[in-house]
Every structure is written in structure tokens, then in C-alpha cells.
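Chains C and W are the protein sequences, given in the same order. Every letter in the first sequence is one number past the one before it in our numbering, and letter 99, counting from 1, is 101. Every letter in the second sequence is one number past the one before it in our numbering, and letter 23, counting from 1, is 592.
These are calculated hints, taken from the structure and not from any lab test. Keep in mind that a hint or two might mislead.
Claimed, not checked - Covered stretches of chain W, as calculated for chain C (at least 3 residues, CB under 8 angstroms):
1. 584 to 598
2. 618 to 625
3. 631 to 644
4. 650 to 657
5. 715 to 722
Quick caveat, the model's predicted, so the values are computed rather than measured. Beta carbons are placed, not taken as given, at the ideal position from N, Cα and C, and that holds for glycine.
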Amino acid sequence: MSGSRKQGQRSAAPARGARRGRRAAIAAMVIVAAAVVASLIALQAFSGSSAKVPPRVVTGEGRVLGDAKAPVTIIEYADFQCPVCKRAETDLLPSVEKDYVQTGKAKIEFRMFPIIGRESWDAAQAAEAARDQGKFWQYHDALFNAQGRENSGAFSYDELVALAKQVGLDVPKFEQTLSSNVHLAEIQREVDAASKEGVNSTPTFFIGTKMIVGVQPYSEFRAAIDAALAKPQ
Amino acid sequence: MSGQTALPGRAVRVALPLAAALSLAGTGIATYLTVVHYAHQPIACSAIGNCELVNSSEYAKVGAVPVALLGVVAYVSMLALIAGAWLRRDAMLLLAAWGIALGSSAFSIYLTYIELRVLYAICVYCVASASIVTALFAVLSAGVWGARDEVLGGGAATTGGGG
């Protein structure tokens with residue numbers, strides 16, 4: 003009897019050891035899973051586009067870039083927080099500006115479509131405050147160059163003021179305009195009108211009657227602008 | 570595989586086929602979003618939410634790698650482990666799939682939080698994938714619980730494979 007108990011104890015000991023080993027393996031697996039997820043989130047925190055808007059080759063008046071009498075108008079609906087809008091500014095629009103705006107064939111009109119939350123609205127209002135001082139395009143470029151992750155503080159009040167200093171705005175006047183929300187209703191009206199036209203994402207472009215959503219190949223933009231130019235004015 | 574432990578029939582009959590089907594569905598969604606990302610094509614999106622905004626966000630990448638591609642890797646890994654567990658009746662492969670499902674679910678919760686509270690936009694494909702991965706975690710958890718004796722090495726059956 004006691005012999006068989008001893009034998010049972012001897013066989014139970016390795017089983018207990020195996021169980022402990024498996025439990026340790028499960029605990030290690032849970033720790034590894036947590037570490038992988040934490041690393042992914044941390045890595046994401048450091049990702050972001052460092053591309054910059056190239057220097058302008060033409061000047062703008064208000065929110066219109068180029069000659070106000072240019073026959074074709076390219077309307078761009080954008081959000082300063084939207085990464086694809088930034089890609090349009092860094093990769094696509096410089097070619098449009100060089101080939102069509104600089105040559106007086108087309109002008110670009112920027113319209114506000116803030117859809118990514120609080121900081122999109124604040125940036126839009128700040129850009130309007132810069133427009134009041136005749137520096138919309140300088141501030142527009144500074145905003146896209148300073149773009150960070152969405153609603154992460156890249157366009158906090160302090161950052162918007164710092165950008166105003168950077169482009170040489172009258173800062174007290176800028177702050178006064180920004181804090182008074184004087185342009186808020188105007189931007190809201192613009193968003194409502196755009197929604198009625200079928201805009202629901204950014205960037206959205208209108209070239210004549212053609213609507214282009216997102217950053218499409220330059221060939222598509224050229225075809226649309228050339229078609230608009232070919233139409234009798 | 571040494572130390573391989575046989576899975577009970579219940580896990581094999583119910584949990585593994587269900588988990589395989591869910592992994593396959595998840596692989597389909599993640600592959601579609603990855604292809605669209607690299608082809609720079611617009612996402613075929615329903616009227617709900619704003620897929621384009623979510624998938625073009627800086628939160629849709631980890632470094633230079635799109636989150637959708639990470640999804641493909643996770644789903645395919647789970648599918649392979651589930652298939653292995655199914656064919657070899659191996660509890661440890663089931664446990665490994667559960668580990669990936671655990672990490673994937675946690676990351677999905679974080680991404681859903683970003684959609685709702687940071688981007689204020691919903692992507693139906695992302696919501697579908699988050700739901701699939703949560704269901705997958707639940708099913709695999711049930712499978713692991715059903716096979717807890719085998720997983721912990723206390724099960725009756727210890728085989729060299731098959732079963």
C-alpha cells in the first residue's frame with residue numbers, strides 16, 4: 003500500500019513540474035502579446051510624414067492661388083489635419099502649380115472642409131485669421147508642414163500662435179481673431195454648402211464640373227484641366 | 570513535435586472549424602485593405618462612416634507598415650496554427666493561436682478607441698475586422714478552456730501526433 007503511494011508520488015512530481023512549465027509558458031505568451039501590442043502602439047506614436055510643402059512659385063490673393071482671371075478654377079476642399087491632403091500639397095499640387103497656375107491657365111481656390119475634429123476646426127479658423135492679414139497661403143503651408151497625428155496637439159492654441167509668429171503675422175491681432183471665433187459661422191456655411199455638393203471626404207477637387215476625390219494620378223488632373231481649358235469660356 | 574498533447578473532440582469539432590472560418594474572413598478583409606493601400610485605390614465603402622479618412626490616417630500605419638498588412642500577418646498566422654491544431658490535434662498550437670488572438674484583440678480595442686475618440690470616424694471594414702478578432706479570441710478562449718487539461722499538460726492523452 004505504502005509502496006504504491008510512493009510510486010504515485012514519484013509519478014505525480016514530474017506531472018506537477020510539467021504543469022508548472024506549461025503555466026510559465028502561458029504567462030510568458032501573455033507577456034509577449036502585451037509587449038508586442040505596447041511596442042506597436044509606441045512605434046505608431048513616432049510615425050508621421052516629414053514631407054514639406056515645396057516653396058511656392060506663384061503668389062495668392064485671399065484663398066486663391068494664382069491669377070484671379072485664369073480661365074480654369076480648381077477648387078480644393080481640404081482639412082489641415084488630413085494626411086492625404088498633405089500628400090496632395092507635397093506630391094500633386096506643385097506640378098499643377100508649375101504647369102497650369104504659373105502659366106496663368108488655372109487658379110487654385112482653397113475651401114475649408116474640417117472633418118477630423120476639434121483641431122481641424124481650430125486650424126481652419128487660424129488660417130482664416132491669417133487670411134485677414136493677407137498671409138493665407140504662407141499660413142496654409144506652415145500648417146501642412148506642422149501636421150502631426152490627428153488631434154494630438156499639433157494644432158493646439160499655442161502651436162497655432164507659434165505658427166503665426168513663424169510666418170510673421172501680427173500675433174496679438176491673430177490671437178484676438180482666433181479667440182473670438184469670428185470665422186466659425188462662415189466655415190460652417192462652407193462645410194454645409196460642400197456637403198450639398200456631394201463632398202464627404204478630403205481632399206475633394208472640382209475642376210469645372212468634374213469632381214476628383216483623393217490624390218489621383220497627375221495624368222487625371224491634367225486631363226480634367228485640359229478638358230476645362232478646351233471648353234469655350 | 571515533442572510533448573504534443575491531444576485535443577478533446579469538442580474543441581476539434583466546434584472551436585477549431587469556427588476559428589478557421591473567422592480567420593479566413595479576417596484574412597479576406599485585411600488583404601483587401603492592404604491591396605487598396607499599396608495600389609492607392611479608393612476603398613469601396615458603404616455610406617456608413619469614413620473608411621478613406623480612417624485608412625489614410627497616420628494611425629493606419631506602424632512606421633512604414635500599414636496596419637492592414639499587420640492584420641494579414643496575424644490572421645494568416647492564426648489560420649496556419651488553427652489548421653495545424655486541427656490536423657495534428659495539438660493543444661499547444663491552439664494555445665499559440667490564442668496568444669496571437671489575445672494580442673490582436675488588444676490592438677483592435679486600441680484602434681477602435683482611436684476611430685471613436687481621436688478620428689471621430691468609423692471604417693466599416695475596421696469594425697468588421699475588430700468584431701472578427703474579438704469573436705476569434707472568444708472562440709479560441711473557449712477552445713483552450715475546453716482543452717485546459719491538455720494545455721496544462723495534465724491530460725490523459727499524450728500522443729506523437731494524429732489522433
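How the hints compare with the structure:
no. : hint       : in the structure
1   : 584 to 598 : violated (count 0)
2   : 618 to 625 : holds (count 4)
3   : 631 to 644 : holds (count 4)
4   : 650 to 657 : violated (count 0)
5   : 715 to 722 : holds (count 3)
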